[in-house]
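**Q** In case you want the letters, here they are:
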Amino acid sequence: MTWETFLWTTLGAFLTLCTFSFLYKDNPFYKFAEHLVVGVSAGYFALVLWHQILIPNLFARLNDGDWYLLWLNSDQFWYIIPALLGVMMWTRFSKKYSWISRWPIALYMGIAAGMAVPREMHARVIEQLHSAMINIIDWNNFFGTSVFDTVSGIAKIIIFLGTLSALFYFFFSKEHSGIFKGISRFGIWILMIGFGASFGYTVMGRISLFVQRIQVLRDWTEISWLDSSSGGFIVFWFLTFGVFAVWAVFEIVTYFKNRGEVTE
Amino acid sequence: MKRQFPLALVFIFGFAMIIQYFIPHQHSEWVNAFFMDWMMIIGIFALALGIWSLTRVSWDKVKHKRENWQYAIVTLAGLFLMIFFGFDYFRHFSTAVGSDNYMYVHFYQYIVIPIQATMFSLLAFFIASAAYRAFRARSLLATLLLIAALVIMLRFNPLLGPLQPVMEKFSVWLLNVPNLAAKRAIVIGVGLGMVATALKVILGIERAYLGKD
Amino acid sequence: MNIFDRMMSLDRRWVFLLLAVVCVITFVWGFSVPITISDEVEAIYNRFDALQEGDMIYMSVDYDPNALAELHPSTYAIAEMCFRKKVKVIFGTLSNLGQGMVHQAITDITDSVKQDATYNGVFYEGREIQNGIDFVFLGYKPYPAMVIQAMGLDFRVPFPTDYYGTPIDSIPIMQGVKNFDQCELVLDLAAGNVAEMWITYGHGNYGVPLCLAVTGVMGADLYPYLGSGQIFGLAAGLLGAAQIEKLADNPGRAMDGMRIQLFAHIVIILFIVMGNIGFLATRKRHKL
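Residue numbers (my numbering), protein chains in the order written: chain U, 15 to 278; chain C, 394 to 606; chain F, 26 to 313.
Calculated from the structure, these hints are not laboratory results.
Just so you know, these numbers come straight off a predicted model, no measurement behind them.
Keep in mind that the hints are not guaranteed to be accurate.
Calculated pairs, BS3-like style, for lysine-lysine (alpha carbon to alpha carbon, straight line, at most 27 angstroms) [claimed, not checked]:
id: 1; chain 1: F; residue 1: Lys271; chain 2: F; residue 2: Lys203
id: 2; chain 1: F; residue 1: Lys139; chain 2: F; residue 2: Lys110
id: 3; chain 1: C; residue 1: Lys562; chain 2: U; residue 2: Lys109
id: 4; chain 1: U; residue 1: Lys109; chain 2: C; residue 2: Lys395
id: 5; chain 1: C; residue 1: Lys395; chain 2: U; residue 2: Lys110
id: 6; chain 1: C; residue 1: Lys395; chain 2: U; residue 2: Lys39
id: 7; chain 1: U; residue 1: Lys271; chain 2: C; residue 2: Lys562
id: 8; chain 1: C; residue 1: Lys562; chain 2: U; residue 2: Lys110
id: 9; chain 1: F; residue 1: Lys110; chain 2: F; residue 2: Lys271
id: 10; chain 1: C; residue 1: Lys605; chain 2: C; residue 2: Lys593
id: 11; chain 1: F; residue 1: Lys309; chain 2: F; residue 2: Lys271
id: 12; chain 1: U; residue 1: Lys45; chain 2: C; residue 2: Lys593
id: 13; chain 1: C; residue 1: Lys562; chain 2: F; residue 2: Lys271
id: 14; chain 1: F; residue 1: Lys309; chain 2: F; residue 2: Lys139
id: 15; chain 1: F; residue 1: Lys203; chain 2: F; residue 2: Lys111
id: 16; chain 1: F; residue 1: Lys309; chain 2: F; residue 2: Lys111
id: 17; chain 1: U; residue 1: Lys271; chain 2: U; residue 2: Lys45
id: 18; chain 1: C; residue 1: Lys395; chain 2: U; residue 2: Lys45
id: 19; chain 1: U; residue 1: Lys45; chain 2: C; residue 2: Lys456
id: 20; chain 1: C; residue 1: Lys456; chain 2: U; residue 2: Lys188
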């Protein structure tokens, strides 16, 4: 473990703890970390745009030839057109010329919308309807191998009826009364089970994010820039925690002091 | 011209892309590739607007000393330092040498990754707090949701003892039958909604993207 | 103020503290929990296990650092499995902050593969993994739907060069590789709606066999696609990653983190129960 690696990992751990401090309350440490990550991420993304996209996809294609002839000597000189269209988007900030930005935006919206219509229809609607209705009654395996068989005939009927009734629930052009009300009620039950499953998965997902942070902090406390017998890393660990501990004590004292004043 | 021409562009190119999907010919595929290539390049300039916007807002905050203006200096410093390192200390602009710059890589690894990951890990606590304060079995529907959530959360928990295999099988059934039905209905609904919105854009009914005159 | 009123007005910071303490204690107290394998995760592993030397796959790492906890273990486990089996991998990313993580992951995995190892009783000799021969990292391009659509026609349309600036045509692994037709399957590790874009524009357009590893938040939402056959496997969240690690016989951070998950879930369930007890008790009192 080298000195510089330890410093970098300590920086990472320090910023992690700064962000965790928000759980107590908003404070300058958290604000500092928040603004720092916004700036650094934006800078990172700017460089990604430049190195990964503008250079290979645009400049390299326009720069095939001699530099003094600019793009005119390039075999792919037509790439100047999307570049000009892209620059036209920047007129959005001008009050007088912002209408020019509508042309590339319109081009983009038209192509994106045209691309989406048949493909989304196929993937989300047709494929799903096909799957919901095909082999709807499986007489060979109607009761399945067990109560919890997911491919039995009963399961397929529940899936079909559940999908249909949930779709009925979302149909608001007709009043939900009579038999329609009964079907949409079954639909909302099915939807609630689905949302419950999503909530269960969401809890799992959120906890795992915290789990990883504990693992990283554990890794940081295990390293040492001196050999482990000297315990040099403990000094740095306590320095960082010391800052938070002092701040926490200050907050607790202030809290009880203010509460005492209110009581009086 | 200011509104009609863009609407005409949307209509022409929108229908062209729809028709292209149904033509399985190499020339149709060439048109598809051509559009995708151009759209990526046009779109890059839109992304750059976001970075410019951030710089402008932060600079404005510092210049007029608005609330928490000191933190805007941190934002600007982070932004410009990354750009400085990413261009390899302003030595290489036309090659990707800066992507391997020591400071650039380490800033990403030890600033962006820890802070971003930690910000999202705060959600673990907020979900615990929300579950305690808001998750109430007020009605049959809320109870159904609660039971489904509990089944999913407990399905692989060995502390359930002999109930664990039953819970596991029940959770598999719950995910692959009623949950699948519910999500399928949502997927179909979202798909129809997306197609309807896309058609509204192509036909010029939806014009919000044009902005105001 | 009785105990139920206190329960209902408890400062949320006590909830935070209790959760943090339980998680830390569970972490420090080292024990393992049994990981049960689900069919949809086993389908992913079996497909990868069936790959032969020289086969090619596309691995799309479409997540930001905020989803690192849930998806990085899967990336490591599967990528190492592919390198050990001498399967060629094309890496790409559709996440704007994901490139650095992919680059880091590739560096770590190539270091790991240099060592000899035995997984599931099969011995793998350590070897040098070479960029351009064993793998290629294409980098990032924006607008996922368009990139997926373009890649299905020709990788060179969105990616004229790889992440390191090398022209695609001069990379040995990409000789004779035009699009997804030359790939046995696509694995998408995603934290957002990119997963559904792969289903719509990747599988829907080109019929490429697709499997997903997604965050826990999205897990339940993708079962319709599993049921319809649009994806052949699904690994959701840290649990999915732990299952993959177990199947690959390569324990890592996911399996290590599962014990904390289990106890954290118990704590949250206890909070829900407490909250409902307090709610019912105070509601009864108000009715009286």
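**Q** All hints, please: hold or fail.
**A** The hints, checked one at a time:
For the hint linking Lys271 of chain F to Lys203 of chain F, the alpha-carbon distance of about 34 angstroms lies beyond 27 angstroms, and the restraint is violated. For the given pair, Lys139 of chain F sits about 13 angstroms from Lys110 of chain F by alpha-carbon distance, which is consistent with the 27 angstroms threshold. For the hint pairing Lys562 of chain C with Lys109 of chain U, the CA-to-CA distance comes to about 62 angstroms; that exceeds 27 angstroms, so the pair is violated. At most 27 angstroms may separate the alpha-carbon atoms for a hinted pair to count; Lys109 of chain U and Lys395 of chain C meet this at roughly 13 angstroms.
Of the pairs offered as hints, the one joining Lys395 of chain C and Lys110 of chain U holds, with about 12 angstroms between alpha carbons and a cut-off of 27 angstroms not exceeded. Restraint check for Lys395 of chain C and Lys39 of chain U: not satisfied, since their Cα atoms lie roughly 50 angstroms apart, outside the 27 angstroms limit. Restraint check for Lys271 of chain U and Lys562 of chain C: not satisfied, since their Cα atoms lie roughly 55 angstroms apart, outside the 27 angstroms limit. A C-alpha spacing of about 65 angstroms is found between Lys562 of chain C and Lys110 of chain U, which places the hinted pair above 27 angstroms, so the restraint is violated.
At most 27 angstroms may separate the alpha-carbon atoms for a hinted pair to count; Lys110 of chain F and Lys271 of chain F meet this at roughly 17 angstroms. The suggested pairing of Lys605 of chain C with Lys593 of chain C holds, with an alpha-carbon distance near 18 angstroms, which does not exceed 27 angstroms. Distance hint between Lys309 of chain F and Lys271 of chain F is unfulfilled; the C-alpha atoms sit about 49 angstroms from each other, more than 27 angstroms. A C-alpha spacing of about 42 angstroms is found between Lys45 of chain U and Lys593 of chain C, which places the hinted pair above 27 angstroms, so the restraint is violated.
The hinted pair formed by Lys562 of chain C and Lys271 of chain F meets the criterion: a straight-line CA distance of about 20 angstroms does not exceed 27 angstroms. The hinted pair formed by Lys309 of chain F and Lys139 of chain F fails the criterion: a straight-line CA distance of about 66 angstroms is larger than 27 angstroms. Distance restraint check for Lys203 of chain F and Lys111 of chain F: the Cα-Cα separation of roughly 20 angstroms lies within the 27 angstroms cut-off, and the hinted pair is therefore satisfied. At most 27 angstroms may separate the alpha-carbon atoms for a hinted pair to count; Lys309 of chain F and Lys111 of chain F exceed this at roughly 66 angstroms.
Distance hint between Lys271 of chain U and Lys45 of chain U is fulfilled; the C-alpha atoms sit about 26 angstroms from each other, no more than 27 angstroms. For the proposed pair Lys395 of chain C and Lys45 of chain U, the alpha carbon gap of about 43 angstroms is over 27 angstroms, so the pair is violated. With a C-alpha separation of about 19 angstroms, the suggested pair Lys45 of chain U and Lys456 of chain C falls inside the 27 angstroms cut-off, and the hint holds. Pair hint Lys456 of chain C plus Lys188 of chain U does not hold up; C-alpha atoms about 57 angstroms apart against a cutoff of 27 angstroms.
In this structure, the earlier hints numbered 1, 3, 6, 7, 8, 11, 12, 14, 16, 18, 20 are contradicted, and the remaining ones agree with it.
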